[in-house]
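J.: Residue numbers (the numbering used here), protein chains in the order written: chain V, 1 to 288; chain D, 1 to 288.
Note that these hints are calculated values from the structure, not bench results.
Mixed in with the good hints, there may be bad ones.
[Stated by the list, open to error] Derived SDA-like pairs: lysine to any residue, alpha-carbon spacing no greater than 20 Å straight-line:
id	chain 1	residue 1	chain 2	residue 2
1	V	Lys20	D	Lys38
2	D	Lys60	V	Phe159
3	D	Lys38	D	Pro83
4	V	Lys20	D	Ala190
5	D	Lys20	V	Pro158
6	D	Lys20	V	Lys20
7	D	Lys20	V	Ala190
8	D	Lys20	V	Gln129
Protein chains: 2
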Amino acid sequence: MDVTTQIEQALVDALEHADKPGCPPRLVSAMRHAVFPKGARIRPRLCLAVATACGDGDPKTSTAAAAAIELLHCASLVHDDLPCFDDADIRRGLPSVHRAFGEGLAVLAGDALIVLAFQTLARIAPAPQRLGKVLLSVSEGVGTPRGIVAGQAWECEPFVDLANYHRLKTGALFAAATMAGAAAADVEPAPWRRLGEKIGEAFQVADDIRDATATSAELGKPSGRDAALSRPSAVRELGVEGAVHRLGQLVGDAIVSIPSCQGEVELRTLIMREAKRLVPGKMAQRAA
Amino acid sequence: MDVTTQIEQALVDALEHADKPGCPPRLVSAMRHAVFPKGARIRPRLCLAVATACGDGDPKTSTAAAAAIELLHCASLVHDDLPCFDDADIRRGLPSVHRAFGEGLAVLAGDALIVLAFQTLARIAPAPQRLGKVLLSVSEGVGTPRGIVAGQAWECEPFVDLANYHRLKTGALFAAATMAGAAAADVEPAPWRRLGEKIGEAFQVADDIRDATATSAELGKPSGRDAALSRPSAVRELGVEGAVHRLGQLVGDAIVSIPSCQGEVELRTLIMREAKRLVPGKMAQRAA
Chain V
1 MDVTTQIEQA LVDALEHADK PGCPPRLVSA MRHAVFPKGA RIRPRLCLAV
51 ATACGDGDPK TSTAAAAAIE LLHCASLVHD DLPCFDDADI RRGLPSVHRA
101 FGEGLAVLAG DALIVLAFQT LARIAPAPQR LGKVLLSVSE GVGTPRGIVA
151 GQAWECEPFV DLANYHRLKT GALFAAATMA GAAAADVEPA PWRRLGEKIG
201 EAFQVADDIR DATATSAELG KPSGRDAALS RPSAVRELGV EGAVHRLGQL
251 VGDAIVSIPS CQGEVELRTL IMREAKRLVP GKMAQRAA
Chain D
1 MDVTTQIEQA LVDALEHADK PGCPPRLVSA MRHAVFPKGA RIRPRLCLAV
51 ATACGDGDPK TSTAAAAAIE LLHCASLVHD DLPCFDDADI RRGLPSVHRA
101 FGEGLAVLAG DALIVLAFQT LARIAPAPQR LGKVLLSVSE GVGTPRGIVA
151 GQAWECEPFV DLANYHRLKT GALFAAATMA GAAAADVEPA PWRRLGEKIG
201 EAFQVADDIR DATATSAELG KPSGRDAALS RPSAVRELGV EGAVHRLGQL
251 VGDAIVSIPS CQGEVELRTL IMREAKRLVP GKMAQRAA
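Isolated chain V (complex conformation):
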């Protein structure tokens, strides 16, 4: 089974576990709406790539970790889209969850997806000595003090450190992906944090470039939002060309940070290939 199929199957299985008699059907529909059709699944693919590079001997655990990371990402999008934050009408080319199902179900679908991530870890019953470290890596990447929820909460503070805001809001879940991948392969997760953080930062810069150069149809959501809302962005700070240069630096930093492991060469190749997909050719040309 290729990695994409493996991830989609794990997510389908997780949602099927939720969809049992007694569960409110509209809640399950809202949860599915948040998870399918698939996005880029970049975080779970990164998680599995690190697990493989670390000599993954327990694919059930790494697949559960990857699925948990993606469920948490989907949950964060549902809550970020709420009227009290971005008030977004569209996500992945479809109505956002609160537009399709109402605000109450959007709050609960996000909650249920957060819990489903942990249920997925618990249900797969990974080798017990790995569960603790996987659970710690995943939960710290989402919660407080330095997970994505804390990152989003910086939007509610009067004074914001922007670098810290981005590191938490975007970088934390990428760091959780690399660390959980290592933990699932029974490798100490801490040395894998930097790789995740650098890829997260690169992803944020690429996102800023896409927002400035892509069409709304290409993005599946409105483009040009950073400029329209005067939001801080790498493009506003560095210009498109400067941002593309910065992206290249960050990918280089990420590759240099890969800890020594048996699949180091393959992981390096994979990250360089994925980095090229972050800003598709025609957007780069248009920007040039």
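For chain V, the structure is supplied; the task is to place chain D on it using the hints.
T.: Same frame as chain V, now just chain D:
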């Protein structure tokens, strides 16, 4: 250390873990506002009582399980109080989290408390073979298909089975408390589900009685809401006297359901004592 102190200390420790440099201070304040000052802590006390009855040999694990259950309960109150559900101004005699901190931080404080529950389980690093079962009991009591989030989501369905709604919305976390207590003591959790469900049902009936007979000052939130909002309740269905009788039956059912264990007698005594606290004497007198 008595049980109350033990629970409060575990909750203080959990919140201190969240309150680190880099974490948005208003988020931490909102989380503390949701957890302190203390409520009855009935779920974590039940969790610890079951662990003790099962011959708890690992108090770190049972305390972490108890704290996780209470954090999840507090998270559910924050989200249930939101304008898209109960739109409650007051909780435990203080402004609700969204009134005090705004809707965005209320959503995020709830999210962060859910994740903190799982971080607390992960950080305490319980005996690995117990972690899986504790994690499963706790997460299934909160999520889908039959946890409290699914229970709350029945409020968003056009057709509702009321018994199922109450079993999920209230009973599921009580069942998680008894099951996680057993799992923390390395005892098979499934036989402990019924005790939690029956206590949850009794608690729901007691809540209905208090809503009908207590003053707002006694409750720390508006009283008489079931009648005002035409909500289904045991008092509406059976009258106050009938509801008090039903409460007695449920407590009896709970006690009969206690699985055989070394601390069976003490647990029975404890549950009978706690049951008397559910409806304080002066409310019972007023109702009579």
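J.: For each hint, tell me whether it holds in the structure or not.
T.: Results for each hint:
no. : hint                 : verdict
1   : V:Lys20 <-> D:Lys38  : violated, 35 Å
2   : D:Lys60 <-> V:Phe159 : violated, 38 Å
3   : D:Lys38 <-> D:Pro83  : violated, 23 Å
4   : V:Lys20 <-> D:Ala190 : holds, 19 Å
5   : D:Lys20 <-> V:Pro158 : holds, 18 Å
6   : D:Lys20 <-> V:Lys20  : violated, 40 Å
7   : D:Lys20 <-> V:Ala190 : holds, 18 Å
8   : D:Lys20 <-> V:Gln129 : violated, 27 Å
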